[in-house]
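The lines below spell out each chain.
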Amino acid sequence: AQSVTQLDSHVSVSEGTPVLLRCNYSSSYSPSLFWYVQHPNKGLQLLLKYTSAATLVKGINGFEAEFKKSETSFHLTKPSAHMSDAAEYFCVVSVTGGYNKLIFGAGTRLAVHP
Amino acid sequence: DVKVTQSSRYLVKRTGEKVFLECVQDMDHENMFWYRQDPGLGLRLIYFSYDVKMKEKGDIPEGYSVSREKKERFSLILESASTNQTSMYLCASSFLQRDLNTEAFFGQGTRLTVV
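Taken in sequence, the protein lines are chains C and X.
Our numbering numbers the first residue of the first sequence as 1 and each following residue consecutively.
Our numbering numbers the first residue of the second sequence as 115 and each following residue consecutively.
If you're looking for bench data, these hints aren't it; they were derived computationally from the structure.
Mixed in with the good hints there might be a few duds.
Calculated lysine-lysine pairs in the DSS-like style (CA-CA distance at most 30 Å, straight line) [stated by the list, open to error]: (1) X:Lys127 <-> X:Lys171; (2) X:Lys132 <-> X:Lys117; (3) C:Lys42 <-> X:Lys169; (4) C:Lys42 <-> C:Lys58; (5) X:Lys132 <-> C:Lys42; (6) C:Lys42 <-> X:Lys127; (7) X:Lys169 <-> X:Lys117; (8) X:Lys167 <-> X:Lys127; (9) X:Lys184 <-> X:Lys127; (10) X:Lys132 <-> X:Lys185; (11) X:Lys184 <-> X:Lys171; (12) C:Lys49 <-> X:Lys185; (13) X:Lys167 <-> X:Lys132; (14) X:Lys117 <-> X:Lys171; (15) X:Lys171 <-> X:Lys185; (16) X:Lys117 <-> X:Lys185; (17) X:Lys127 <-> X:Lys185; (18) C:Lys68 <-> C:Lys58; (19) C:Lys58 <-> X:Lys117; (20) C:Lys69 <-> C:Lys49; (21) X:Lys185 <-> C:Lys42; (22) C:Lys42 <-> X:Lys171; (23) X:Lys184 <-> X:Lys167; (24) C:Lys49 <-> X:Lys117; (25) X:Lys117 <-> C:Lys42; (26) X:Lys184 <-> X:Lys117; (27) C:Lys49 <-> X:Lys169; (28) X:Lys127 <-> X:Lys169; (29) X:Lys169 <-> X:Lys184; (30) C:Lys68 <-> X:Lys132; (31) X:Lys185 <-> X:Lys169; (32) X:Lys169 <-> X:Lys132; (33) C:Lys49 <-> C:Lys68; (34) C:Lys49 <-> X:Lys171; (35) X:Lys132 <-> X:Lys171; (36) X:Lys167 <-> X:Lys117.
Far from chain C, by Cβ distances over 12 Å, these chain X residues were calculated [to be verified]: (37) Lys127; (38) Thr129; (39) Lys132; (40) Glu136.
We put the beta carbon where it would ideally sit given N, CA and C, even for glycine.
So that you can see chain X by itself, here it is in the shape it has in the complex:
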């Protein structure tokens, strides 16, 4: 079974803290994604990466950064957490090439609360 594992299910952080969300996949996927999910807004793409050390901004990158030092690991960083970043964060991975079964596999999500 494909596994996308997020390091925490629930996190509570204080305003101004630096927050790291970690994601690991075991399918040798080139693509990895970070989304946030808010009621009524669906999933919005924060950042994605198609290769080690490569990253592309998604639709809502402000206030976030990412790191991909190894193919299997993709980290989302909140440099200075704010209350409006309270949300559910979902990590996903997929193959890069369209022909290679491009469905994405998702982790269980991290519910982050910033107080």
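Pulled out of the complex, with its shape left as it was, chain C reads as follows:
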């Protein structure tokens, strides 16, 4: 069965420093993986997605993620955090073999300090 585990529930960084949000997945098939972001009192917005075309995926707002099959990981990174990056981030796997049901991780809350 497919699943995702976000390894940190909270991450705190200073503005201008790198961001790393960690995600491990479990999937019997070649997975479709996503990162979504949720700003306070807002809906979820797609940051980026991996669908086997390239292992390094670039998303919006300077974020990127690297798919590593050997490590079953899909970590989200950004070289330099901005105050506006403070939000909750969700790693998501799409269940194959049927209806593309999405399975969410528990989320990582990113705090950015001046």
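Start from chain C and add chain X according to the hints.
This is chain X only, laid out in the frame that chain C set:
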């Protein structure tokens, strides 16, 4: 722009009431989903539908039912609301076929309080 519209941003209902949460999408998506979001638990799937009149239970269907009479509309029903159903409810839609850009699009959410 893809739009997934939830009928209410905030709702307050009494214990035992029957509650309807409505969701409409305008992208001709086959899939529609209802999730609830609680702190520390992420999003948990309640029900999803891949076609009109078709539905599948998600991970936490107890206490909920759904209706999909038209392709663009997916309703979540709380037959008898209870305080433990106080939560944020999110509707989403996506294409069914994996090759057709299977990202999901989300509504703004409905924050339901049951008192």
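Does the structure keep lysine 69 of chain C and lysine 49 of chain C at a Cα separation of 30 Å or less? Distance ~15 Å between lysine 69 of chain C and lysine 49 of chain C Cα, so the pair holds.
Within a Cα-Cα threshold of 30 Å, do lysine 117 of chain X and lysine 171 of chain X meet the stated pairing? Satisfied, since the Cα-Cα distance of roughly 24 Å is no more than 30 Å.
Hint consistency between lysine 127 of chain X and lysine 171 of chain X [alpha-carbon to alpha-carbon, up to 30 Å]: With Cα atoms ~24 Å apart, lysine 127 of chain X and lysine 171 of chain X stay inside 30 Å; holds.
Given the hint that lysine 169 of chain X pairs with lysine 132 of chain X, does the C-alpha gap stay at or below 30 Å? It holds: about 20 Å lies between the C-alpha atoms, which stays within 30 Å.
Is the Cα-Cα distance between lysine 171 of chain X and lysine 185 of chain X 30 Å or less? With a Cα-Cα distance of about 18 Å, the restraint between lysine 171 of chain X and lysine 185 of chain X holds, given a limit of 30 Å.
Can the restraint linking lysine 169 of chain X and lysine 184 of chain X be considered satisfied, given a maximum Cα separation of 30 Å? Given that 30 Å is the threshold and the Cα spacing comes to 13 Å, the pair holds.
Can you confirm whether the C-alpha distance between lysine 42 of chain C and lysine 169 of chain X stays at or below 30 Å? Within the cut-off at roughly 27 Å; holds.
Compare the distance between the alpha carbons of lysine 127 of chain X and lysine 169 of chain X with 30 Å, and conclude whether the hinted pair is satisfied. holds (25 Å)
Is the hinted pair lysine 117 of chain X and lysine 185 of chain X satisfied, with a Cα-Cα distance of at most 30 Å? Satisfied, since the Cα-Cα distance of roughly 14 Å is no more than 30 Å.
Is the hinted pair lysine 68 of chain C and lysine 132 of chain X satisfied, with a Cα-Cα distance of at most 30 Å? violated (47 Å)
Between the alpha carbons of lysine 184 of chain X and lysine 167 of chain X, is the straight-line distance 30 Å or under? Within the cut-off at roughly 8 Å; holds.
Is it true that the CA of lysine 185 of chain X sits at most 30 Å from the CA of lysine 42 of chain C? Given pair lysine 185 of chain X, lysine 42 of chain C holds - Cα atoms ~25 Å apart, limit 30 Å.
In this structure, only the earlier hint numbered 30 is contradicted, and the remaining ones agree with it.
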